[in-house]
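K.L.:
What follows is the residue order along each chain.
Protein chains: 2
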Amino acid sequence: MAKHEEVKHGVIFPAGEKNEAFAQFFTGQSYLQSLVADPEVNVGVGNVTFEPGCRNNWHIHHGGFQLLLVTGGEGWYQEEGKPAQPLKAGDVIVIHDGVKHWHGAAKDSWFAHIAITAGTPEWLEPVDDEAYSQL
Amino acid sequence: MAKHEEVKHGVIFPAGEKNEAFAQFFTGQSYLQSLVADPEVNVGVGNVTFEPGCRNNWHIHHGGFQLLLVTGGEGWYQEEGKPAQPLKAGDVIVIHDGVKHWHGAAKDSWFAHIAITAGTPEWLEPVDDEAYSQL
Numbered sequence: 001m002a003k004h005e006e007v008k009h010g011v012i013f014p015a016g017e018k019n020e021a022f023a024q025f026f027t028g029q030s031y032l033q034s035l036v037a038d039p040e041v042n043v044g045v046g047n048v049t050f051e052p053g054c055r056n057n058w059h060i061h062h063g064g065f066q067l068l069l070v071t072g073g074e075g076w077y078q079e080e081g082k083p084a085q086p087l088k089a090g091d092v093i094v095i096h097d098g099v100k101h102w103h104g105a106a107k108d109s110w111f112a113h114i115a116i117t118a119g120t121p122e123w124l125e126p127v128d129d130e131a132y133s134q135l
Numbered sequence: 001m002a003k004h005e006e007v008k009h010g011v012i013f014p015a016g017e018k019n020e021a022f023a024q025f026f027t028g029q030s031y032l033q034s035l036v037a038d039p040e041v042n043v044g045v046g047n048v049t050f051e052p053g054c055r056n057n058w059h060i061h062h063g064g065f066q067l068l069l070v071t072g073g074e075g076w077y078q079e080e081g082k083p084a085q086p087l088k089a090g091d092v093i094v095i096h097d098g099v100k101h102w103h104g105a106a107k108d109s110w111f112a113h114i115a116i117t118a119g120t121p122e123w124l125e126p127v128d129d130e131a132y133s134q135l
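Residue numbers (UniProt numbering), protein chains in the order written: chain V, 1 to 135; chain C, 1 to 135.
Everything labelled a hint here was simulated from the structure, so no lab data went into it.
Every residue gets a Cβ at the ideal spot worked out from N, C-alpha and C, and that includes glycine.
Each hint should be verified, as a subset may be incorrect.
[To be verified] Straight-line alpha carbon distances no greater than 30 Å define the calculated DSS-like cross-link-like pairs of lysine-lysine that follow:
no., chain 1, residue 1, chain 2, residue 2
1, V, 8, C, 8
2, V, 3, C, 8
3, V, 8, C, 3
4, C, 88, V, 18
5, V, 100, V, 8
6, C, 100, C, 82
7, V, 100, V, 3
8, C, 107, C, 18
9, C, 100, C, 18
10, C, 3, C, 82
11, C, 100, C, 8
12, V, 82, V, 100
13, V, 3, V, 82
14, C, 88, V, 88
15, C, 88, V, 8
16, V, 88, C, 8
17, C, 107, C, 3
18, V, 107, V, 18
19, C, 88, V, 3
20, C, 18, V, 88
21, C, 8, C, 18
22, C, 3, V, 88
[Claimed, not checked] From chain V, some residues computed to sit far from chain C (all C-beta separations above 12 Å):
no., residue
23, 1
24, 2
25, 5
26, 17
27, 31
28, 51
29, 53
30, 57
31, 77
32, 83
33, 120
34, 125
35, 133
36, 135
Construct the entire structure; sequences and hints are all you get.
P.N.:
Now the structure itself:
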């Protein structure tokens, strides 16, 4: 039994549907509920839920930023060249323009964060399986 | 006993300290926990908690916008010229540039939202006591 199973049913905000649009940039299953997608607002807001072991590829936000507000479960955030840092509900991550990074669930836990995103993402290679497995 | 008393202890994110900086623009007591305040990011993110009956003055965001992600309790959002709409956990409000509005708690309930804000606020008159009391 994975930890924080309750997260899959949504934490305050709905977990949403299977994240098909970005599936090619994720390892494992994620779910996405758009919260704000408005042409007059220069950020998008989404609730992203990760099954245990799920994480996104390394990526960069160009001409923008990303803010992560962790709402449930246990996960990881890593910037290139730095150690991965554990995340739990209440943690906040600020990702600056041009910083290569990834985020996702712990191996044994569901995980959810709200993502506030500006700019254009550049999707890169998956997180190395062996490096992830050693977290 | 007010409804949703648990909200005053923070919902996922800390309720923070008494919101002294903006007290002059609020009726009643609010609490503010800054979540993101970064010179490289063009939005600020804060967790705002309202005691029962607390609401902010009418205000406008110029050259920006405000997004409200309701995390707990029961409250209200109103745009000028429109009826007030009730808010509960999971609701999302998008406030466009230049729109005069207010938000706050219900008379009998604690209330909390995350606010994502860009631009410069213009603070205006308090919400009319009689109009609020009739909500």
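K.L.:
Please write out, lowest number first, the hints stated earlier that are contradicted by the structure.
P.N.:
No hint contradicted; all consistent.
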